[in-house]
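Novice: Please model the entire structure based on the sequences and the hints provided.
Number of protein chains: 2
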Amino acid sequence: VAGLVVLAASALAQSDPLPSWNDTAPKKAIVAFVERVTTQNTADFVPESERIAVFDNDGTLWVEQPMYTQLAFALDRVKLMARQHPEWKDQQPFKAALDGDMKALAAAGQKGLAELIMTTHAGMTVEQFQKIVTNWLATARDPRFKRPYTDLVYQPMLELLAYLRANGFKTFIVSGGGVEFLRPWTEQVYGVPPEQVIGSSIKTKFSMRDGVPILLRLPDVNFVDDKAGKPVGINEAIGRRPIAAFGNSDGDLQMLEWTTLGASGPRFGMLVHHTDAEREYAYDRQTEFGRLDQALEIAPDNGWTVVDMKADWKTIFPWE
Amino acid sequence: VAGLVVLAASALAQSDPLPSWNDTAPKKAIVAFVERVTTQNTADFVPESERIAVFDNDGTLWVEQPMYTQLAFALDRVKLMARQHPEWKDQQPFKAALDGDMKALAAAGQKGLAELIMTTHAGMTVEQFQKIVTNWLATARDPRFKRPYTDLVYQPMLELLAYLRANGFKTFIVSGGGVEFLRPWTEQVYGVPPEQVIGSSIKTKFSMRDGVPILLRLPDVNFVDDKAGKPVGINEAIGRRPIAAFGNSDGDLQMLEWTTLGASGPRFGMLVHHTDAEREYAYDRQTEFGRLDQALEIAPDNGWTVVDMKADWKTIFPWE
Ligand SMILES: [Ca+2]
Ligand SMILES: [Ca+2]
Numbered sequence: 024v025a026g027l028v029v030l031a032a033s034a035l036a037q038s039d040p041l042p043s044w045n046d047t048a049p050k051k052a053i054v055a056f057v058e059r060v061t062t063q064n065t066a067d068f069v070p071e072s073e074r075i076a077v078f079d080n081d082g083t084l085w086v087e088q089p090m091y092t093q094l095a096f097a098l099d100r101v102k103l104m105a106r107q108h109p110e111w112k113d114q115q116p117f118k119a120a121l122d123g124d125m126k127a128l129a130a131a132g133q134k135g136l137a138e139l140i141m142t143t144h145a146g147m148t149v150e151q152f153q154k155i156v157t158n159w160l161a162t163a164r165d166p167r168f169k170r171p172y173t174d175l176v177y178q179p180m181l182e183l184l185a186y187l188r189a190n191g192f193k194t195f196i197v198s199g200g201g202v203e204f205l206r207p208w209t210e211q212v213y214g215v216p217p218e219q220v221i222g223s224s225i226k227t228k229f230s231m232r233d234g235v236p237i238l239l240r241l242p243d244v245n246f247v248d249d250k251a252g253k254p255v256g257i258n259e260a261i262g263r264r265p266i267a268a269f270g271n272s273d274g275d276l277q278m279l280e281w282t283t284l285g286a287s288g289p290r291f292g293m294l295v296h297h298t299d300a301e302r303e304y305a306y307d308r309q310t311e312f313g314r315l316d317q318a319l320e321i322a323p324d325n326g327w328t329v330v331d332m333k334a335d336w337k338t339i340f341p342w343e
Numbered sequence: 024v025a026g027l028v029v030l031a032a033s034a035l036a037q038s039d040p041l042p043s044w045n046d047t048a049p050k051k052a053i054v055a056f057v058e059r060v061t062t063q064n065t066a067d068f069v070p071e072s073e074r075i076a077v078f079d080n081d082g083t084l085w086v087e088q089p090m091y092t093q094l095a096f097a098l099d100r101v102k103l104m105a106r107q108h109p110e111w112k113d114q115q116p117f118k119a120a121l122d123g124d125m126k127a128l129a130a131a132g133q134k135g136l137a138e139l140i141m142t143t144h145a146g147m148t149v150e151q152f153q154k155i156v157t158n159w160l161a162t163a164r165d166p167r168f169k170r171p172y173t174d175l176v177y178q179p180m181l182e183l184l185a186y187l188r189a190n191g192f193k194t195f196i197v198s199g200g201g202v203e204f205l206r207p208w209t210e211q212v213y214g215v216p217p218e219q220v221i222g223s224s225i226k227t228k229f230s231m232r233d234g235v236p237i238l239l240r241l242p243d244v245n246f247v248d249d250k251a252g253k254p255v256g257i258n259e260a261i262g263r264r265p266i267a268a269f270g271n272s273d274g275d276l277q278m279l280e281w282t283t284l285g286a287s288g289p290r291f292g293m294l295v296h297h298t299d300a301e302r303e304y305a306y307d308r309q310t311e312f313g314r315l316d317q318a319l320e321i322a323p324d325n326g327w328t329v330v331d332m333k334a335d336w337k338t339i340f341p342w343e
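As you go down the protein sequences, you meet chains A and B in turn.
Heads up: the first sequence at position 94 corresponds to 117 in our numbering, and the numbers run straight through without jumps.
Heads up: the second sequence at position 123 corresponds to 146 in our numbering, and the numbers run straight through without jumps.
Fair warning: there could be bad hints in the mix.
For identical chains, the list gives no copy identity; a pair is met inside one copy or between any two copies.
To be verified - Calculated lysine-lysine pairs in the PhoX-like style (CA-CA distance at most 25 Å, straight line): (1) 126 to 226; (2) 102 to 134; (3) 193 to 169; (4) 51 to 226; (5) 169 to 228; (6) 250 to 226; (7) 134 to 228; (8) 333 to 118; (9) 134 to 118; (10) 134 to 333; (11) 154 to 228; (12) 126 to 169; (13) 337 to 169; (14) 118 to 250.
Everything labelled a hint here was simulated from the structure, so no lab data went into it.
Specialist: Structure follows, in structure tokens:
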């Protein structure tokens, strides 16, 4: 009998597509939504081709504290490139980056940050940059968890991505981060192929160099995929309106509005609220990275589900 | 016995995935390439996720004479909008458009053409524009064949798209035309969903209007997906290099270079050469729309397949 109980429990566990979620309201809302749009011969049924789900990345799929991973990458690149740039020792924002002086870096503002990003992200071909990112991710470690950054993804969100795909959804990433910083690893880590990743970008230029075609990355902003840029990026890349959107900050507000408001049929909007300082981080209105304020305020009125990480997630990371 | 022969012939016909292609060199090259990249445990095997094929649209998938279909759409829009713009009767380039004076229109140049496109394509939401395109296509007729424009697609290319997809390829359209002019109908006509259509675009702006989110189309060029813009657009939207590219004009030259040159593994490049004035049109170096000159010149050196429509295509249109 004990054997039978174990077997039954195991079968039950296997039949739960979201085992890392507690049986609280967010999980119930997700499952109810998916069942609603996939039940044939009902008014709310949505054909597979229209089952588009969009996910923010930083703070929604992986950790964004103590700073955006792409910023950690840029700072490491500055240190590496400094060998060829002795003048950076006395020149902001590079000095701040080299000293790890986050206060001076913040003082350099958007302009300083843009200069850092352009210097470290441009001037090579797209394929060279892809290799640089891949190599960095293979060796860099997060300061708190001492693990590769690609380990710091949320197990409940991995399950959610897989659950939606198993139900005929096409899953897209819509990130404020650089699209070419994400594409080298999103397929392996999230199951999201490069062509389903939307993000910020710098301009590229095509030319033939000694009979070989290259795309050179230029130090010019092409597109900023954040805030009101997210619906624009979604429309440009996908050309249809998503029916589900998942984010964690005010940068996702317009993406959630575009997905859930004023369109016919069932819609789903969700915000991940970081409430677990012990297992991950706790922050919302007072943070440099991933501020969540206005979106949290209007979530109830818009029917958006808010995930309380501490209460709603049984597990945070895949390796726990 | 006669019955058996009919059955065998029918089975044979069914087993040919490209029945509208004559058994000439292009068909053989296509089939050889597909078999090469799909045969497992060989050096040339390409995993499904990397089987990306890109197709130009005007002149490659559908007719582009006597003018680009999108230009015919713009001219019809000018006529419709002229009711609210009595001043256009004496104002270029609108006067030329209203009079159907193609010579005066050509004289207005790129600037005049851009003005026509902006006036007719901007100032509404993306959803309103989608409806305008759909309604126009439902009623407009091609001047020569007296058929809906979406009937003027090439049957051999429809078979090629389906053949590639049946072999695990993901098929994309990469057009110099406007992406939002294409997306309303490419899924139905070509089996290519909106998120696999890349094209030129104008800027859009997100805002909330009376609690409803809208994306407004602005009279500003966002991206020109032509010539050296095609590899840029491909990289931006797909993020990996295609292994097969299909075009018909010098506007596709860089896309074919990017796809076929300087990268490892099997690659396929093809140009459709319009050689059949009787069944369709015959043009290459001397045409306003779809000029094919330099790309035709360098095709042999680059190993690109050139389709001679008259000799290589058994059928041109699906309704023949
Ligand atoms: Ca975020
Ligand atoms: Ca063309």
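Novice: Evaluate each hint against the coordinates.
Specialist: Hint by hint, here is what the structure shows:
| no. | hint | verdict |
| --- | --- | --- |
| 1 | 126 to 226 | neither (30 Å within a copy, 37 Å between copies) |
| 2 | 102 to 134 | within (19 Å within a copy, 48 Å between copies) |
| 3 | 193 to 169 | neither (33 Å within a copy, 39 Å between copies) |
| 4 | 51 to 226 | neither (43 Å within a copy, 39 Å between copies) |
| 5 | 169 to 228 | neither (38 Å within a copy, 42 Å between copies) |
| 6 | 250 to 226 | both (20 Å within a copy, 16 Å between copies) |
| 7 | 134 to 228 | both (23 Å within a copy, 24 Å between copies) |
| 8 | 333 to 118 | neither (38 Å within a copy, 66 Å between copies) |
| 9 | 134 to 118 | within (15 Å within a copy, 47 Å between copies) |
| 10 | 134 to 333 | neither (36 Å within a copy, 58 Å between copies) |
| 11 | 154 to 228 | within (19 Å within a copy, 35 Å between copies) |
| 12 | 126 to 169 | within (24 Å within a copy, 69 Å between copies) |
| 13 | 337 to 169 | within (22 Å within a copy, 64 Å between copies) |
| 14 | 118 to 250 | neither (30 Å within a copy, 42 Å between copies) |
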